[in-house]
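Kindly produce the complete structure, drawing on both the sequences and the hints.
Residue numbers (the working numbering), protein chains in the order written: chain A, 1 to 358; chain B, 1 to 358; chain C, 1 to 358; chain D, 1 to 358.
Treat the hints with care, since some could be wrong.
One copy or two, it doesn't matter: identical chains are merged, so the pair holds either way.
Straight-line distance between alpha carbons at most 20 Å, and here's what the computed EDC-like set of lysine to aspartate or glutamate pairs gives [claimed, not checked]:
hint, residue 1, residue 2
1, Lys122, Asp20
2, Lys260, Glu277
3, Lys21, Glu70
4, Lys240, Glu307
5, Lys122, Glu79
6, Lys6, Asp145
7, Lys253, Glu279
8, Lys240, Glu79
9, Lys122, Glu149
10, Lys253, Asp278
11, Lys253, Glu287
12, Lys338, Asp322
Hints listed in this document are in silico derivations from the structure and should not be mistaken for laboratory results. Every value quoted in this text rests on a predicted model; they were computed, and no experiment measured them.
This is what each chain is made of:
Protein chains: 4
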Amino acid sequence: MPATMKAFVMHAIGKVGVIDKPIPRAGPNDAIIRTTAALICTSDVHTLAGAIGPRTDMTLGHEAVGVIHELGEAVRAREMFKVGQRVAVNAITPCFACDNCQRGYSSQCGGMLGGWKFANIKDGSMAEYFHVNDAVANLAPIPDDLTDEQAAYCCDMLSTGFMAAEHGNIPVGGSVAVFAQGPLGLMATVGARLQGAGLVIGVESVPNRMALAKKYGCDVVIDFSKQDAVEAIMRLTGGKGVDTAIEALGSSKTFAACVKATRPGGTISNLGYHGGEDESVQIPRKEWGVGMGDKTIRTGLCPGGSERMVRLMRLITAGRVDPLALTTHRFRFAEIEKAFGMMQTKEDGMLKPLITFA
Amino acid sequence: MPATMKAFVMHAIGKVGVIDKPIPRAGPNDAIIRTTAALICTSDVHTLAGAIGPRTDMTLGHEAVGVIHELGEAVRAREMFKVGQRVAVNAITPCFACDNCQRGYSSQCGGMLGGWKFANIKDGSMAEYFHVNDAVANLAPIPDDLTDEQAAYCCDMLSTGFMAAEHGNIPVGGSVAVFAQGPLGLMATVGARLQGAGLVIGVESVPNRMALAKKYGCDVVIDFSKQDAVEAIMRLTGGKGVDTAIEALGSSKTFAACVKATRPGGTISNLGYHGGEDESVQIPRKEWGVGMGDKTIRTGLCPGGSERMVRLMRLITAGRVDPLALTTHRFRFAEIEKAFGMMQTKEDGMLKPLITFA
Amino acid sequence: MPATMKAFVMHAIGKVGVIDKPIPRAGPNDAIIRTTAALICTSDVHTLAGAIGPRTDMTLGHEAVGVIHELGEAVRAREMFKVGQRVAVNAITPCFACDNCQRGYSSQCGGMLGGWKFANIKDGSMAEYFHVNDAVANLAPIPDDLTDEQAAYCCDMLSTGFMAAEHGNIPVGGSVAVFAQGPLGLMATVGARLQGAGLVIGVESVPNRMALAKKYGCDVVIDFSKQDAVEAIMRLTGGKGVDTAIEALGSSKTFAACVKATRPGGTISNLGYHGGEDESVQIPRKEWGVGMGDKTIRTGLCPGGSERMVRLMRLITAGRVDPLALTTHRFRFAEIEKAFGMMQTKEDGMLKPLITFA
Amino acid sequence: MPATMKAFVMHAIGKVGVIDKPIPRAGPNDAIIRTTAALICTSDVHTLAGAIGPRTDMTLGHEAVGVIHELGEAVRAREMFKVGQRVAVNAITPCFACDNCQRGYSSQCGGMLGGWKFANIKDGSMAEYFHVNDAVANLAPIPDDLTDEQAAYCCDMLSTGFMAAEHGNIPVGGSVAVFAQGPLGLMATVGARLQGAGLVIGVESVPNRMALAKKYGCDVVIDFSKQDAVEAIMRLTGGKGVDTAIEALGSSKTFAACVKATRPGGTISNLGYHGGEDESVQIPRKEWGVGMGDKTIRTGLCPGGSERMVRLMRLITAGRVDPLALTTHRFRFAEIEKAFGMMQTKEDGMLKPLITFA
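Printed below as a string of structure tokens:
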């Protein structure tokens, strides 16, 4: 009889709960992690709402850290890790061996968005234990001077937010607009600063997010509920537009604003998830230079892998970024259903709730 | 009384003719070229139809070569050129000094698409003489072993077509689809070969263009009137899609097909002019990976400047590309109205008509 | 009692022979290949001479193709390959999981030059069977329309030669000098053409190599025994130097010539192995612009992995390159000692000897 | 009779003085600036010592700001500037029109290092007035909220220092070692932080420079007089070496240390001027991976142009960098000989002396 654990699952579209599941076992290249801290992500809210179709009793969660519980034989043979060691695991866990991984697009492992395995094509990490494929590449040791909570922010928030800036081709001293200052937009703001931006403009309307935008490095925050964001950006850039516009919301309207706010030769870097029913996302034709304006549109999905995780954790250790201001709420895993319910409504100004395990 | 010349002008939207104009004079940084050979471009057909708004007696044309007739004083001071020398001038003539030029986006000189001056913000080159701004950077000496006709193809056809491939991030041996095999699409095909593509797929339905597509380097040509191009590309690439899709038509539908035909991590390189009345060009949401598929969209306008022109002419001299198969018709300048009329209808399988001057 | 096979080994520095060894077995992520065709590489001559230190009865060889004989359990689980399938294996077999692999420098797997495992840190492939680590990423299926001999050229010759050109930052129509036209230099020449070079200058003095240089795409071949190569390159480029100089020999003197022959802003791309006793390789100070000339020096080791191998094989299938002109001699595996002996002296104009297995 | 001005000149190698010269006049594309503030650079000390050969009564200086005194007719025609306007001018003043400028290597304008015109091929800026070629591209308006002193630091210190980091291919959170923490090394340190480095290691032994290194962003400063710098860097990076090593001294020994301290796949970014008598700069052969370690060596010369200057000044305005801690001494122009003398000996801990004009 296999040992069991508690797991927070999506029973079906719109229906969650905590159930008992067998503790997963490690195949030759796998690891099993005992969870110590996790964060809830809005993606899971989308998933529960049906964004990726129906699932049955699938464990949710993809931002988690813990200690190594079991290592597969081929992982043990590499002698890089040992049971009991603290590790962080990125939300995206590529195989690093397939065509797309070899091409350098590991988030597209095996096919479009295929690096996203947790709470998509296998159980996620919002459970007492979780399974990690291709552990050699996906387990990132947590330095002693980093808390579990700090490390958990590297799994998705820092990796995705910073990616948007890294994709932005920001010249040193350049100008960046970050549309939406939710947790990922805020980390994109930090990312823009880390890429050398000389002017970072946040676009937001929720007061506590506007305040955090300033704290995390926006030089200016535009309240789009009070003025037209594109016009304001044009004013702030002498009519030129920004070098880089980051879409951190996932709205076709915001995406169009990004294209309009970007100068010729600039980059629109998308990190938002464009869900919904529409068949298309719109590029405004004229502001795109009728297809000849040297405006580049980049996209991407949270880059995974331990090597990047180590660099992200180093940035926290070194004091370059303090993600803890994103933690607005804290819960024990026993309270996960309550926490998730609040995340669905974003009530009480919730940004990121931290879930701790025994 | 200034000397006069014949110029082929757009009197107003839809109305062309040949008129007398004063031979232009050179300011300190300018040159005046006596035209020897020119090509008609479909862009001028669009311009005449009103694509860039009304114009009055503006000389058309932007693909021309000739001999230096006059040099401005600051140009003479550089001692790089002499009157009587054969030169080619790119369709795009940036100042190379403004912000966008310094950033490396010289086609966006002074503002979006601002490098495009001929037959847009000043008289074009379909005249016995034409004016060249910033001549030091824009006059490209024609090597002795190149004909005027060959050189004329560098002004726009090679520069723009190759640009699409250069923007494509094609891995060596990679796969490329070029949608539409008109003159620019054909040169994009050559460009894809010059960037190391291992599989070049042309998409076309006009028989003589399909034949030229093969001649210019397509490994396969898909007749989109007989089969779905995206499905055919998927079949040819083992279900993966191409590394790079080049849009060489300027149609929202074709652009969408490009996004669909491109693999995750691949690039959609647009060279088509997206005119028309629609407010937007559509990105198919799902095939774009809901904004996270690592698909990049690049755009651009014919890159100008003498340095590039010299490299393009070298490729003809060295036998890497023979553009002359694009010349389907030849006319004297006295027959320009007839030639332009045929270009409007593309009758008689016209691709590029060469216009020669006395 | 394990089944045995014949293997061509380095008994010790300077001493080779054929011995019986057990057929290797596959761990969970491995594959065992039954060899069908192989090429001898000059690197093995260096190895035998002591370049990487002493070895005892190590099987030589790293350019080989064959059929799958055994697959490890984790490889079988991916269901990508089956026993009996024809595959090519790159000379470099990275794990694709470690830090350097994740960074995109898979040839430096686990540490400097660590992707080079065959005939370095484990037995090579000049045997009836050979072992492949991390098989999911390192086995490349050979298309039906490619012979074993053609595929074998992808293992090192095409991969390394083309790499040198890919590292060269060659502008379309740009100029390239390839110093030395041995097998790798010749493939660098092909690579330069595949990267769009408009002028490819070969530097060589051996007549049959000079002839092949022309065949493989050099526009000009400089016989450095008759004239100074750098001066000749300067003359051919109007005193500017080439955009890219490729060092395909591994000589400090040739490396210095590359720096001298490269224009400011150009790239020196090294593929040569710089062995020998000297502590340093010299950069000529003045021609390097006293450290400020915007000249970039790139280096690299044969890039491995199946994804690249598939692209390289596609280039042969598509007729972009025909490597078979490099095969100057053919031998049965029973004659391996004779073949290797000739490779040591390069007698009879030997470039690449093909070894076939029963 | 032309108006005259005071100019600080190099009479001959080793001999300086202040003399009267005519105020320069503007050709069509030029501007004349009335100097308000300037900095002395160690380059001028090298120049005086004969580094670029003999000069006669050449005005020294290349880091200066001022107000527009005269504009050439072609500059006036652009209507971008007006007499009396405050402007900064980069040390490097490319034409932005020649081949190398068009290629994006404007510091190599017209030939190797040719963008360097001040105090090299024409009079420098350490005078009451100075001449600026190609003024449209080289005059950068100083924002109202920036002092002349702040702006003067953009002319060379920020531009060159940051360039070294921009060339470094620093991954976000990556590790950087900056060898030597003089004024340029300190700005390279700031640059490394602006490029997202997670660990910046300074190498220095002079106490006040070590203190500034910490202030400007080094996480660790290694005193190379007390320990081996390469060994210390290896220890700090877990034996791997840094992603990027910046050479900010111009010593062959330091350059070799940079190669040794860099991990495979990393970049050595040189900004130091490698003068002296030696014919070569040495690459340590083994630590360079015998030419196959994927280590890249970049070089460059202070990037010029107004577009970059505007971005650099924005970084000061926005508080990203405060260069004023580099100003250790202040002088009136009347005291220039004393100031220059101290710069030659670096006595009294001199880093940068500010020279102000009436």
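- Query: What hint numbers does the structure not satisfy?
  - Reply: 6, 9, 12
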